[in-house]
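K.L.:
In case you want the letters, here they are:
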Amino acid sequence: MTSVWDDVVGQPDAVAVLRRAVTDPSSMTHAWLVTGPPGSGRSVAARAFAAALVAGDGGRWTSEVADNARARVMRGTHPDVHVVATDKTVITVAEVRDLVTIAQRTPGEAPWRVIVVEDADRIVERSANALLKAIEEPPPRTVWILCAPSEQDVITTIRSRCRHVTLRVPPADAVADLLVRRHGIDRDDALVAARAAQSHIGLATSLALNAEARARRDRVLEIASRVRGVGDAVIAAGELVEVATAQASASMAERDAVEKAALLRSLGADNAEGGKTLPANVRTQIRQLEDDQKRRGKRAVVDGLDRAMTDLLSFYRDVLAVQVGSDVDLVNAAQVADVRAVAAASDPQQTLRRTEAIATARTRLAGNVAPLLAVEAMTVALRPQG
Amino acid sequence: MPPARRSASRSTPTAGVPWDRAELAPIVLIRGTEGLLGDRAVSRLARLAREAASADGSAELEVTTVEAAQYEGGRLAVITSPSLFAEPQHVEILGFESMTDACATDVLAYLADPAPDVTLVLRHGGGVRGKKVLDALVAAKVALVACDPVPDRDKPGFVSAEFSRARRKIAPEGVAALVDAVGSDLRELAAAAQQLISDTTGVVTDQEVDRYYGGRVEATGFKVADAAVAGDVAGALVLVRHAMASGTPPVPLVAALALKLRTMAKVAASRGRDHGADVLKGLAPWQVDRARRDLQGWTPEGLATAIMATAAADAEVKGESRSPEFAVERAVRRIVAARS
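Chain order of the listed sequences is E and H. Note that our numbering has the first sequence beginning at 129, numbered continuously upward. Note that our numbering has the second sequence beginning at -14, numbered continuously upward.
Bound conformation, chain H alone:
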């Protein structure tokens, strides 16, 4: 039961339908920070527009893509003005979050007077830039598509949906193994799912996932700290090596160890104290629960040794030692040894 921690949780979800239910409309606004879903929504709308044009039997659809950052004044009017052959037009403005001022002005003008036979797709990748235009668009009730980041707890559902869209099945263990292996980046997760779909037949099991993505773990400082305070020296060292090999610098690894030990010491101190709750101010309930479980097998003396070892390691990774990697590994070993 992992609580919703470390996932990119957003305060309020963006309004709009998900990408796979996006439908054509004179103006469609795609908002949200998840790039993969945004790209998919844009290409889905382009496909729908093509299909609609060919079903119509009218002239060929003309698709124009504009980068909002390079937009020059008047461009939108040029593109959308009716042509001699009355072709339907599909206009995509990408990177709307870094739009030029001219782009904002022209889109606002277009909103007041949209052209017939034109579908305009705006892709805004999050952020506050262009808020005025966005508010105007929302107020004008244009079609909205939301592409919020997928939280960790929804990633298994995302994988299952990928397979069912390709009319394939994946076992629940397979889903869990895949999310564990490549789950941090949605693009990577989708690519891995695509590869499994095209390279395998039948129901995908965790053995098959393991054959393709076995041995890959996502190592973060927090996972290293979890393994170290749990007394798993081998697991923690594998994670340390893995994290550093995949580009995590030693300093945040040590910071994660320090944070973990600090929380544990505070939770231990809150027991049997008059103002125990004051001590835990600023800690989330799941952190406290987690620290309570972590504290099993720890003595105060052990914690003291572990904290001092971590401080020494921090000094070492910041220049006191010639081998920061070794300093982190030694700190992990010392922390495990301090656990009785």
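Isolated chain E (complex conformation):
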């Protein structure tokens, strides 16, 4: 029998708390704050909790009606569950005021009206002030579920009005089980992907399903053993930046074109074809959009490089683990030979210096240093040194 908690991977403690809240009215409260590192499944946990509140958690209530309600919650179409997810940097006051109004309504079919805010860390102080009263004393049948990476990311006045549930980094085994169950992947492959993604569920899925993503990651890790001198380092850095740029522009190109078409349509200029030039004021708006898109593209390049650096960090973490003889599981199970070779060719001090160089490069990227130069300095520091 499936339960709504199945997709909340490797979080037995948190699930126990939430289950008790569903079954035991004295354990229930009106505002929850779910925190956990990226990829630990905050929003999945929040939705599962919402589904359990609306229609039970599948243990006792097994009627068709309840199943249907749960499915609608997971899809985000249940009328009594309101999910707020944003891809903007902040949640504005206007959006929050809407939420406050919705929170006053009595649920239509379920015992609870649930409001899930997926990015509670993006509620700025002004928006938070509009929300305080509604979170502190909601109507008797309204529940707030807020999600954030950590408690510190949420403004104090909100934090203090919520009950906290902390998610941990799920164990790689649990993530692998999820991949096997959901996508029917071979158990060993799933475990390798889960470890390589360091239990980030989204990343693990893409590594397990997408051969290209796997190849890209392998190529990044090769740098550690491929770079033999300064020349190699500079060439490898050039490749790394090139790949990140290509990947970013590939993922952005389609979205950019759609946005541009939408803007042209809203300006009434979408039928200006055949080399007819646009009026000057329309051109300014288009240029502004293109500037924004360019900025977003740059950001995507830096994000891609940052991911590559995190992968390299995990490699040197493995190297260090081998060097000090620790018996923890390796993150990069597929690259055991390379890890051992690098471990044998260097000493722990060097490994630490290298991880430091990677960390410095990440800081520099965040500080707007020319990406190519920052990566070059990093790969140069990774070369074998006597």
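Be a bit skeptical, because a hint or two may be false.
Stated by the list, open to error - Sample of chain H residues facing chain E (criterion: CB under 7 Å; computed from the structure):
1) 293
2) 299
3) 303
To be clear, the hints were calculated from the coordinates, so they are not data collected in a lab. A virtual CB, placed ideally from N, CA and C, is assigned to each residue, including glycine.
Put chain H on the given structure of chain E with help from the hints.
P.N.:
Same frame as chain E, now just chain H:
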């Protein structure tokens, strides 16, 4: 033997005679991005028109100057219609590259039906605006004057021509010193030549150039990088200070250092490698030659230190340090020290 790098090289030269051979014609089109030469062509044509009018003994020449950006429809027809006294007309339309639509329409109409006793001079400062009108003018075979930017290798010739036009002589060393000192901007170079012509007598030598323009160097990030990898710490620091004092921000200075070191590392890596040519993809032959020469006196370890110092400096000029100037100077010192 400096190869033709960093000079504003153009893919195709503009058609037409140079400014000092421009002759009067019913319609003259002056094209090109070099402002000084364009101005000279315009004033030369105005002088020629005046001379022609006075030689004719006819009524006084009337010169009208119109800015194409402020042109209002019908203006050209008003100016060029015959007046009661049948004066010859000389019309200059300047800034043709930012013409109004009305200007384009009127010029096209005028081209089909030019007025007698009128010389029309059009100054187009480059760019694609008004391409339709330009094409029509060229097709109608109007007189063309080209004012392309003068590439670095032709600048000594430009200076010599300036002096010989004033019937003066300048020694070849003097030419070289003058181009080194103020050669980047043609207007400045011409003004410097004019000053030397009016302030000195006899043949101008490099001592005289040095007296007027000594100590002036044109500092760019590339020159700083050249001096630094050559191990000339004093020269490089003078250039850094000079570049920053004359308004170059620190960020491009560091970028030039990084580019230089990157090219050197790539060229070093291309040696003794199966696919050496692949590594050098995207580099011009002169860059490769230059990097080969620069690599003398460098070890791989030295290059590594230099690259890391440059990356640190880039972080510092972008906010990690309170003194970006010092960060650049320290990077230069570290690069020189890394050279063995």
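K.L.:
Now look at each hint and say whether the structure bears it out.
P.N.:
Here's how the hints hold up against the structure:
| no. | hint | result |
| --- | --- | --- |
| 1 | 293 | 5 Å, holds |
| 2 | 299 | 5 Å, holds |
| 3 | 303 | 5 Å, holds |
This entry satisfies every hint, going by the numbered hints stated previously.
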